[in-house]
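> Add chain Z to chain Y, keeping to what the hints say.
Chains Y and Z, in that order, give the protein sequences. So the first sequence is numbered by numbering that gives the first Met the number 0: it starts at 0 and just counts up by one. So the second sequence is numbered by numbering that gives the first Met the number 0: it starts at 0 and just counts up by one.
Honestly, the hints are just simulated from the structure, not real lab data. We put the CB at the ideal spot given by N, CA and C, even for glycine. Just to be clear, a hint being listed does not mean it is correct.
[What the hints assert, rightly or not] Partner residues aside, some chain Y positions facing chain Z, computed with beta carbon under 10 Å: (1) Trp5; (2) Val7; (3) Thr10; (4) Ala22; (5) Asp23; (6) Ala29; (7) Ala35; (8) Lys56.
So you can see what is in the structure, the chains are spelled out below.
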Amino acid sequence: MELAGWPVRLTSYRAGDKYVCQADNVSPAACLARFAAPTLEEAESQAISKAQHLLSKTRRYAV
Amino acid sequence: MSAYAHPEVLVETAWLTKNLSNPNIRIAEVDVDTSAYELGHIPGAIGWAWNTQLCDTVRRDILSREQLEALLSEAGVTPETTIVLYGDSNNWFAAWAFWQLKIYGHKDVRILNGGRKKWIADGHELTADAPSYAATQYRAQEPDLSLRAFLPQVQQAVQARAVSLVDVRSPQEFSGEILAPPGLPETCQRGGHIPGARSIPWGKACNDDGTFKSYEELKALYKAEGIDESRPTITYCRIGERSSHTWFVLKYLVGLPNVVNYDGSWTEWGNLVGAPVERGAAAAAAA
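The shape of chain Y in the complex, shown without the other chains:
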């Protein structure tokens, strides 16, 4: 998916009794946000929100 103009990969999985969602920037695959929550939807929503916030602050320069 794309957030704030940057490609992002979401990975979700279950860990014990919680759902975990991690949002990585595609290059270099650094984790921007990881949230654990009782539901998958909540975990994904939190991860996307934080990733969006961080990515929106990335400055671009003319080359």
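Quick look at chain Z alone, frame taken from chain Y:
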């Protein structure tokens, strides 16, 4: 299909499942996101935070010999222990730990091919239980600085143009369009790359499942940019950890005899008064 130059430094998930209880093996998780370990990790694995436990937290430097000895002693490691490293992001920071362990002479260090991602994808168990091991009195070797490049060496390399420089950052960092990976803190005043560097993003060495590409694929990847055994090679990125991943690939998988990691990297070079900088996309490699 040719084998890697040093296949013994990689282990597969199937092998690790059979060795989880081996007392001579210590598994260590090193993630970009240091909270990942607490959410779930390979049974028996300890967790190392790269930003507090795998670097000097007062001055910008890798662990001192004494700091590494304390870290490994607490982990119950002896010089005969096989340390298996793994982490997220294609083993990005696991390679950083690997590099430092090799600087200080630990004999048997390996990386779990595919890292955390492959372990999870293969359906293997995760646990939140943190293990406890009896402390040892680990003694490290004197640092082997032939694995590490410092600023003067890189400056000489730029002037002499007799060394291959591999910039493993994204093309947008390389060109100067951005100063840091998207979403991460900017750590330099200027964007661009070290003059003469070739752009080979670190992730190109890995498959989608996080495992390393084959020997043939890796050799072709780097050869296409003029990176081979004919010249010494220096790898760099932003703070030296992505480049430690490429250092690992070039030295242990491809088998280049002379490759070092410049951990000062762009954070040092891009903030250095008067340092030459090139901007723009990479030119085609010389034939």
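> Which numbered hints does this structure break?
none
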